[in-house]
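Please build the complex by placing chain B on the supplied structure of chain A, with the hints as guidance.
These protein sequence lines map, in sequence, to chains A and B. No gaps in the numbering here: position 14 of the first sequence is 14 in my numbering, and each next residue is one more. No gaps in the numbering here: position 112 of the second sequence is 429 in my numbering, and each next residue is one more.
Wrong hints could be hidden among the right ones.
Short, incomplete list of chain B residues facing chain A, as computed with Cβ under 7 Å [what the hints assert, rightly or not]:
| hint | residue |
| --- | --- |
| 1 | 433 |
| 2 | 442 |
| 3 | 447 |
| 4 | 464 |
Hints were generated in silico from the structure; no laboratory data involved. Glycine included, every Cβ here is placed at the ideal spot set by N, Cα and C.
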Amino acid sequence: MKIKLMVLALSLASFSGVSAGLDLGKLLEERVKQELNKDKQSQPAPAQQPAQTPSQAPATAQGAAASPPPAKQKIDARQLGFALFGDYTPEEETRIGKQISGNLLGAVPLVRDDKLQRYVNLVGNWVALQSGRKDIGWHFGVLDTEDINAFAAPGGYVFVTKGLYRRLNNEAELAGVLGHEIAHVSQKHHLKVLKQSSLIGALGQVASSKAKDSDQAVQNLIGNGAEIMARGLDKNAEFEADRIGVVYAARAGYTPWGLPEVLQDMAGLPAKDNRTSLLYKTHPHPADRLAALGEAVDGRFDAVRGKELADRFYRIR
Amino acid sequence: MKKFLIPSAALALCIAAAAAWAAPGTVLRNDKLYSEPSATARVAGSAAKGASVDILAKQGGWLRVSSGKTTGWIRLLSVRAGAGGIGGAGLGDVVGAATTRSDPSRVVAVAGLRGLNDEELKQARFNGDELARLDGWAVTTAQARSFAGQSGLAAVNVPGLPGPKPQQASSPWENN
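Only chain A is shown next, with the shape it has when bound in the complex (with noise of 0.2 Å):
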């Protein structure tokens, strides 16, 4: 991670042809150009300012991150560095996960069910105990809707439907649904496609959400609304996930093969349902995961025993 950082900055600096970092290169100079012309000033640009040796190309990354803005730029340079070069602070992740849950919310309440609410939030807790990312706190929710889907935003927020919710048969499958949203935050997969739209195009872009506590410096960086989880992530994030999922739900003392089972669940429903159709354009097919995730399992799990806990299983109304 941290070379290809420096790869990134190095071919920005000096446009020297690395190929992966050249198409990000071009397109961030065009970007930042077309920003800063808004503003009629001639200052360059953090990507333009000329390398130093390569040895000291770490410390130029960093400075293109944290240096002020130069006087009278409309855009926060710093969160422009940000959003390319540095990684976020568990307080910023946390600020975007906020902001994307506070919107996804909007969209759709919660179940007014403490009793599920908590027990939700305890079983997340302990399997999100397993991850080993202690510096953020975690959220766990489910939402009021038909639909099947789960979803996670940086900075520890996770949400299962209640749909979902209620196709699950015990607290090992719930576990591994968490798990599998668990991993998302933990592997910082929803960060890696901010900074990559970032790039691409949402820099600058200003959207009217003036709810209370809302955050505009977020909301600006995350696109419209709760967008972001509808545009879903690389299939090979979901596959990962799930990869990593079933380990947590182990890790935590549960049978591996809840996640599976929930898969199972969703290969045998009816492809034309409407619950699911968020659900396939955001993720790959159930067949596929259970096959991707079969290569990785193999005989892995042959001496894993687990808990299902069914009886322990809050059945919702």
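Just chain B now, kept in the frame of chain A:
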């Protein structure tokens, strides 16, 4: 010797339950059929990718299936439930809309229940009250540990799974 009585009894039970349970499935990868739900059991046959099977029973990470004249236990992840073929890879596209991303006109409502859609999410307005409600249900690490302990859940050391063979190494996702 008694050891063998238990699995065979379990087997008999499963077979008894099979008639009620039989469901169609499709084999996702070439795999073996074992006489019992264990990779150390005798190999009863094999199933080829794409083959149709009847799923008769399940137990842990195993499914009891019949494929042609052979019946045996196969790994849960080697079979998909449903008669939709091997999935979205372009082969046997019986599942239709589910695997055809780019043609919204093919998504026809069959269930009366409404799902979420892009436009709703795109138009969504920040709701601080719901977010506060969510905060109210948050639990502490200590509460989660205690909850786990109540059902005898304890952290287990399980190694991570390997990623796919490096053919998609160009994907940025694999770099972290």
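Practice problem: Grab the minimum C-beta distance from residue 464 of chain B to chain A and call the hint holds if it beats 7 Å, violated otherwise. | Solution: holds, 4 Å
Quiz prompt | chain A contact restraint on residue 447 of chain B - CB to CB distance below 7 Å | solution = holds, 4 Å
Quiz item: Holds or violated: residue 442 of chain B as interface residue toward chain A, Cβ cutoff 7 Å?
Solution: Interface hint status for residue 442 of chain B: holds (4 Å vs cutoff 7 Å).
Quiz item: Does the nearest C-beta of chain A fall within a distance shorter than 7 Å of the C-beta of residue 433 of chain B?
Solution: holds, 4 Å
Figure legend: structure checked against the earlier numbered hints; every hint is met.
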